[in-house]
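Go by the hints and put chain X onto chain S.
Protein chains: 2
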Amino acid sequence: MADLHLLSPGGFRATGVYAGIKTRHAPDVGLLVCDRRAAAAAAFTTNKVFAAPVKVGREHVADGRLSAIVVNAGNANACTGRQGEKDARRMCALAAQVAGCEATDVLPSSTGIIGHVLPMEKVEAGILDCGNYLGNSLEHAMLFADAILTTDLKRKTAAVEFKVRRELVTVAGVCKGSGMIGPRLAVSRGGKSSVRSLKGRHATMLAYLTTDAAIGSASLRQLLGKACERSFNTVTVDDHASTNDTAAILASGHSPAKFNSARAMKSFADALDEVCQALAYQIAADGEGATKVVIIKVKGAANESAARAMARAIANSPLVKCAMNGSDPNWGRIVSAAGMAGVPFNPDRCALSLSGTTVFRNGQAVPFDRAKVSAELAKNEVVAELACRDGKSEATVWTCDLSKDYVTINADYHT
Amino acid sequence: MADLHLLSPGGFRATGVYAGIKTRHAPDVGLLVCDRRAAAAAAFTTNKVFAAPVKVGREHVADGRLSAIVVNAGNANACTGRQGEKDARRMCALAAQVAGCEATDVLPSSTGIIGHVLPMEKVEAGILDCGNYLGNSLEHAMLFADAILTTDLKRKTAAVEFKVRRELVTVAGVCKGSGMIGPRLAVSRGGKSSVRSLKGRHATMLAYLTTDAAIGSASLRQLLGKACERSFNTVTVDDHASTNDTAAILASGHSPAKFNSARAMKSFADALDEVCQALAYQIAADGEGATKVVIIKVKGAANESAARAMARAIANSPLVKCAMNGSDPNWGRIVSAAGMAGVPFNPDRCALSLSGTTVFRNGQAVPFDRAKVSAELAKNEVVAELACRDGKSEATVWTCDLSKDYVTINADYHT
Numbered sequence: 001m002a003d004l005h006l007l008s009p010g011g012f013r014a015t016g017v018y019a020g021i022k023t024r025h026a027p028d029v030g031l032l033v034c035d036r037r038a039a040a041a042a043a044f045t046t047n048k049v050f051a052a053p054v055k056v057g058r059e060h061v062a063d064g065r066l067s068a069i070v071v072n073a074g075n076a077n078a079c080t081g082r083q084g085e086k087d088a089r090r091m092c093a094l095a096a097q098v099a100g101c102e103a104t105d106v107l108p109s110s111t112g113i114i115g116h117v118l119p120m121e122k123v124e125a126g127i128l129d130c131g132n133y134l135g136n137s138l139e140h141a142m143l144f145a146d147a148i149l150t151t152d153l154k155r156k157t158a159a160v161e162f163k164v165r166r167e168l169v170t171v172a173g174v175c176k177g178s179g180m181i182g183p184r185l186a187v188s189r190g191g192k193s194s195v196r197s198l199k200g201r202h203a204t205m206l207a208y209l210t211t212d213a214a215i216g217s218a219s220l221r222q223l224l225g226k227a228c229e230r231s232f233n234t235v236t237v238d239d240h241a242s243t244n245d246t247a248a249i250l251a252s253g254h255s256p257a258k259f260n261s262a263r264a265m266k267s268f269a270d271a272l273d274e275v276c277q278a279l280a281y282q283i284a285a286d287g288e289g290a291t292k293v294v295i296i297k298v299k300g301a302a303n304e305s306a307a308r309a310m311a312r313a314i315a316n317s318p319l320v321k322c323a324m325n326g327s328d329p330n331w332g333r334i335v336s337a338a339g340m341a342g343v344p345f346n347p348d349r350c351a352l353s354l355s356g357t358t359v360f361r362n363g364q365a366v367p368f369d370r371a372k373v374s375a376e377l378a379k380n381e382v383v384a385e386l387a388c389r390d391g392k393s394e395a396t397v398w399t400c401d402l403s404k405d406y407v408t409i410n411a412d413y414h415t
Numbered sequence: 001m002a003d004l005h006l007l008s009p010g011g012f013r014a015t016g017v018y019a020g021i022k023t024r025h026a027p028d029v030g031l032l033v034c035d036r037r038a039a040a041a042a043a044f045t046t047n048k049v050f051a052a053p054v055k056v057g058r059e060h061v062a063d064g065r066l067s068a069i070v071v072n073a074g075n076a077n078a079c080t081g082r083q084g085e086k087d088a089r090r091m092c093a094l095a096a097q098v099a100g101c102e103a104t105d106v107l108p109s110s111t112g113i114i115g116h117v118l119p120m121e122k123v124e125a126g127i128l129d130c131g132n133y134l135g136n137s138l139e140h141a142m143l144f145a146d147a148i149l150t151t152d153l154k155r156k157t158a159a160v161e162f163k164v165r166r167e168l169v170t171v172a173g174v175c176k177g178s179g180m181i182g183p184r185l186a187v188s189r190g191g192k193s194s195v196r197s198l199k200g201r202h203a204t205m206l207a208y209l210t211t212d213a214a215i216g217s218a219s220l221r222q223l224l225g226k227a228c229e230r231s232f233n234t235v236t237v238d239d240h241a242s243t244n245d246t247a248a249i250l251a252s253g254h255s256p257a258k259f260n261s262a263r264a265m266k267s268f269a270d271a272l273d274e275v276c277q278a279l280a281y282q283i284a285a286d287g288e289g290a291t292k293v294v295i296i297k298v299k300g301a302a303n304e305s306a307a308r309a310m311a312r313a314i315a316n317s318p319l320v321k322c323a324m325n326g327s328d329p330n331w332g333r334i335v336s337a338a339g340m341a342g343v344p345f346n347p348d349r350c351a352l353s354l355s356g357t358t359v360f361r362n363g364q365a366v367p368f369d370r371a372k373v374s375a376e377l378a379k380n381e382v383v384a385e386l387a388c389r390d391g392k393s394e395a396t397v398w399t400c401d402l403s404k405d406y407v408t409i410n411a412d413y414h415t
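Chains S and X supply the protein sequences, listed in that same order.
Count the first sequence with our numbering and you get residues 1 to 415, in order.
Count the second sequence with our numbering and you get residues 1 to 415, in order.
No lab work stands behind these hints: they were computed from the structure.
Note that the structure is predicted; figures quoted are calculated from it, not measured.
A few of these clues could be false.
No copy is singled out in the list; a pair is fine if it fits within one copy or between any two copies.
Derived EDC-like pairs: lysine to aspartate or glutamate, alpha-carbon spacing no greater than 16 Å straight-line [stated by the list, open to error]:
#1 48 with 348
#2 404 with 167
#3 55 with 348
#4 297 with 35
#5 48 with 390
#6 404 with 304
#7 163 with 102
#8 299 with 405
#9 299 with 390
#10 266 with 63
#11 55 with 369
#12 22 with 146
#13 154 with 102
#14 297 with 121
#15 258 with 102
#16 372 with 161
#17 154 with 348
#18 372 with 129
#19 379 with 161
#20 154 with 385
So that you can see chain S by itself, here it is in the shape it has in the complex:
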């Protein structure tokens, strides 16, 4: 298990190279190729301002097939007009040349600064260079994972394997995301009209998933949509949906496992959920300036959208996030955030616990050991759970604290 990585599923090769787009010396162009036209699905940002690669990517994944993913970091190719679209298509054409596939079977991605035309000379050289270094080792997987990072401090990877009868199946993935995080991903069938809006959240987050499962694109679309809802769309660092958010999965079909039973499909769905959730959690943990993961759980809400609205209002409150930074059990900010979410909420019929200690019940403070709760809040994972008695719906949102470092990173990151 420990050795599983993005390229463990059969049929995939990848690499990442430094092409000079990032200001620091680190891989910034990545290429992932499959040995066949893989069944594929992708979910993209629902921001009305979307980058050129998102436009092109929606087109290319529309037929449910992809052979490669080409990505650059350091420049988002967003708000770049016709030139941007031309550049995104050029990236696909070059990647196709290297991968030996059609340009329309390549998904392009970019992440970085908005509003600057891509330095295409560097990007082109980088893509061609990738052709010299493709492989399927752990090192190759790490190079690809590193090539998509921007302000991330940590590489983000996850993989699980499971068996269908006696046949092994692997689902793996890598992702990036640290700031401009609050994805509101929607699965795409290509073109504008077919984007199904999944109620979600925001980031520039990119996630690429591989599997050797022999599963068709219709199932992949459905399962990726559900998985995103329970993972990337439940993360918020700064509640800012990016122009470039993308999550894509390619299924090579190398595994002989048969997915002709509900049980087999369930195993796959669970594995996909597990990988996406592990990746999403890493985004929250690596949020810009974050010192801890803050898990907001709302239970017993009148309906699912109310549960989500409250969880997100709490998670996005700068006051709550600062209190978490200070390990301060300031429950008043949490309860009042729930009260302003614009959904049914009765403070006189709920309880709030912080990492296991009840601090508020039925409209009033509950005496608690402040030093003990503060010590719990100083840990690298904190849970705030609001238990209502208005219904049976629940929601969980992953966020992080708001620190001075977040301000430093975002006030000093100059365009």
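Okay, now just chain X, sitting in the frame of chain S:
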């Protein structure tokens, strides 16, 4: 004009005293009294978690008459259950005793920490003490203005006078608000059912207005509601609607001016708007950790709610606020914030200017002098104006930048 203050309108006296509720030595109990049962109106938070004084205040203003306002700072009397309500009523009873009026004609207010029972011994002594120091001088007005402050660095006051034919009329006010700011005030007629929801924003903000105009409570309610929409409800520091937000106006009727014409009423409405806007602007300028006021204007939107949604999405984006802190013309964050507001928006048909310089037009960057724009953004008032071509609606939101000091204030402010 320069000498006008809260107590300039005839019939009002006030003061503020230090009762030991605040940790620092500054006035923390204030009392404002009118020499008669004044026509009155008040708007309160729409947060479902509202403090005891808000509940009692809604009851007391229901008949459109108030004789006094009693307020304490340092403790919000929120989430304090039955004891909290009892304490709020006790504050009214004591204030009534001092003012020589009915307890049901007193509006109570509290601001400060949530979830702690009021130190009533101190509060009671403070209210009684106020009785010894009531007056109508500038100094008395300042003492009352200071008594409502919490994390505010500056006293907030405004006043204007105008003439109806030859008779002078004055409208004046004081307010507080620095953090937990994003008011969503709704005018109250008393009781839960009669709260009319004004689409708005959030804070703990308190605002008290006086006038000598002879205007009835029905008109006051209507005009206060409109004034709040154009002032307090357009301010956001951290988009957090408080449990205690309150704006109230008392009209003594001392001025002989007749308000029996549309023109006279218009003059009053304009004066009220001007005072409320001047006060609201001061809240944005004194936002916790703020180094500048950031004015977000959206024009040419498809409808008013779309204009507001975009303006608020931009104003509340931590990424935009941090860029403003760094005087960075990072227009990509502004445009993408508009794009995720969930309303009609076409980036290919809009233009964005920063303090007068166009930086983005029709989906793409516009070349501009970065040093010059950065210098403009370093001033203490910055304007970001998004001009769409989707309709004729517009909205303005006042906010401030997000600085490390905001984090310091809110991470280190311990419960």
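Verification of the hints:
1. 48 with 348: between (39 Å within a copy, 10 Å between copies)
2. 404 with 167: Answer is neither: 50 Å inside a copy and 54 Å across each miss the 16 Å cutoff.
3. 55 with 348: between (48 Å within a copy, 14 Å between copies)
4. 297 with 35: neither (42 Å within a copy, 52 Å between copies)
5. 48 with 390: between (35 Å within a copy, 14 Å between copies)
6. 404 with 304: So residue 404 and residue 304 fail the 16 Å test inside a copy (34 Å) and across (35 Å) alike.
7. 163 with 102: neither (33 Å within a copy, 77 Å between copies)
8. 299 with 405: neither (32 Å within a copy, 34 Å between copies)
9. 299 with 390: within (9 Å within a copy, 40 Å between copies)
10. 266 with 63: neither (24 Å within a copy, 62 Å between copies)
11. 55 with 369: neither (53 Å within a copy, 30 Å between copies)
12. 22 with 146: within (12 Å within a copy, 52 Å between copies)
13. 154 with 102: neither (33 Å within a copy, 65 Å between copies)
14. 297 with 121: neither (48 Å within a copy, 39 Å between copies)
15. 258 with 102: neither (28 Å within a copy, 81 Å between copies)
16. 372 with 161: neither (40 Å within a copy, 56 Å between copies)
17. 154 with 348: Cα proximity of residue 154 and residue 348: none, with 42 Å in one copy and 36 Å across.
18. 372 with 129: neither (55 Å within a copy, 40 Å between copies)
19. 379 with 161: Close neither inside one copy (31 Å) nor across copies (57 Å); limit 16 Å.
20. 154 with 385: Neither: 28 Å inside a copy, 37 Å across copies.
Of the hints listed earlier, those the structure fails to meet are numbers 2, 4, 6, 7, 8, 10, 11, 13, 14, 15, 16, 17, 18, 19 and 20, in rising order.
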